[in-house]
Amino acid sequence: MSNDFDFVVVGAGSAGAVIAARLSEDPSCRVALIEAGERPPEVERMPVACAAMQLNPATDWMYTADPGKAGLGLHRRRMPVPRGKMLGGSSGLNYMAYVRGHPGDFDAWARNGATGWSYEDVLPYFRKSEGLAPSDEIKVDPQAHSTSGPLGVSVRSPILQGAREFVQAAEAAGIPRGDYNGRDRGGPSGVVSLLQTNTKRGQRSSTYRAFLEGEPEKRPNLTIITGAQATRIVLEQATAKGVEYRLASGEVKTALAAKEVILSGGAVGSPHLLLLSGIGPRRELEAVGVSCLVDSPHVGKHLKDHLQVALFFPAPGAGLPLTEVGMSMGPDALRQPAGPLPADPKDDDKMPAELQALKQEAQRRLTEWATTGNGLASSSLYDAAVWFSTGLGDPHSHDAQIACLPFGFMPDFYNGSLNVDAAQLFEDPSRQLAPDAENMIVLANPVLPHSEGEIVLESADPAKHPSIRMNYFADPHDMKVMVAVLRRALDIVAHWPSHRKIGSVNVPPALAKKHGHQKGAAFSDALLEDLALHFSITVYHLTCTCRIGSVVDPRLRVLGVKKLRVADASVMPNIVSGNTNAASIMIGEKAAEMVAQDHGVKLAEFVRERPVGVS
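Numbering (my numbering), first residue to last: 1 to 615.
A portion of the hints provided could be inaccurate.
[Said to hold, decoys possible] Beta-carbon label-pair distances, calculated as ranges:
id, residue 1, residue 2, range
1, L355, A58, 27 to 35 Å
2, D136, L355, 17 to 25 Å
3, L355, K253, 45 to 53 Å
4, V43, H75, 19 to 27 Å
5, K253, S504, 54 to 62 Å
Just so you know, the hints here were simulated from the structure itself, not pulled from any lab data.
Virtual Cβ for every residue (Gly too), placed ideally from N, Cα, C.
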């Protein structure tokens, strides 16, 4: 295999997979795509199983972070930070919400110096990717969408009762229905909708599935190198010449780039590789023995993330019991030690009749999902949300998001994936999280945080993770918004359709005692603040660590270095007001066209050739 290419792309995630696929549309363009993980496992296709790929070192980087003032209720005060380590990256393990952000987010980027990144500028790139499956269940602004792109976007089938009732409750609370991905996401009153998700025919549409799988990955001019961790950028006189990477065997190789190196490692991986390569704050680099080749003080700084508080309610009739979800994932999901079926399928013949029937029903549901895309397995269960303004600032956009999960999860999920002690969070977790319990989670999520964290190099060894310092609630503004969003979430549940009895919100016993809170009573601000400080969790939306204007220019070229770009969530000048994956994919689309324009690469389509409103 030759090690000489025109372009070397590092990271095959939400942006990198798109860039490599688009540039390799030109058969004369030699592209290398370097990815530390492998092709995703088959379970990645099943939306409801997304948590199964977290805490798995084969598919997750297994990062943890210092949560700053938050995380008082976490084990060892460490916040889990799942990041995808496979082709498709975090688009292969996220909860698949397709959320672009408010048009005002992008206009603010442009006003603050990110020329070419206004909403009018970026909308065509969102549309280029999107392959929306029309649905009567949602309102859609047709001028903002496309049905012909490779990225699957759809609404789950069937609609869950709890999600439908959440939309009704939000409407009763004064939030109108609408297209949250439309050209106008509404005024301060906001918008509510069932979620548009990155799924196609009920299966996950990651950037691997949408952009690389099949014909693209077989192109002779596209070399996909998996199981290869990038260790440094090869620099000569402040010019990127290639990328050094290490295989699982320990062998170190170099991929040379005649035209450009493009980093798409995400908001942790891209600044980490820049720092390892000597591009970053001089004092921090020299403190760990890395020679500073380009003093770039903002690399790894300005980290922003979304933080949410999960409000847990008993919801008979609206919530899904664990047994129903497990059964829809097929017989293997019901096997011991946690399930009723034998650990070894060879013992199935010895099962009593009721377990035989259970296995048959589980197999029927799995087959239905695999063949039609319908069933509980077709979604992550993160199925409806609202966006609105609290009125506390940031008038250009919505600063609040509230989502509904009509499912309560199991104790192992809290103790493992969330790193939260379920025994502290619940009075009686074995009862409240029993397999037959019907629960609902409403997620209160401020989406325009003012606090900034950082990514800091801890070692010159590429195998050592950098320090991730979230710095949540460093700016007092963020707690004010969190309390307001929590109160609005409680108000939405208070407007639940009258035919359904939703139980009182769970309050951790120690916090209830500390604040003298009685079940069903009103919440004090102090209790809501304590709830956020103890049990808020990341929404997995790390951004801004190589932001436009500080580390890269508006064409994503690294300041002070030639032939080097960054294209992923790290370049966002500010975090978008919603889930960040769709915007990351858009950045990949726009970056690919910038690179193509600069080097005469012939893409199959340039967005300027497609008039707005044509699908």
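Exercise for review: Would you list, in rising numerical order, the hints stated earlier that this structure does not obey?
Suggested key: Of the numbered hints, just 2 does not hold.
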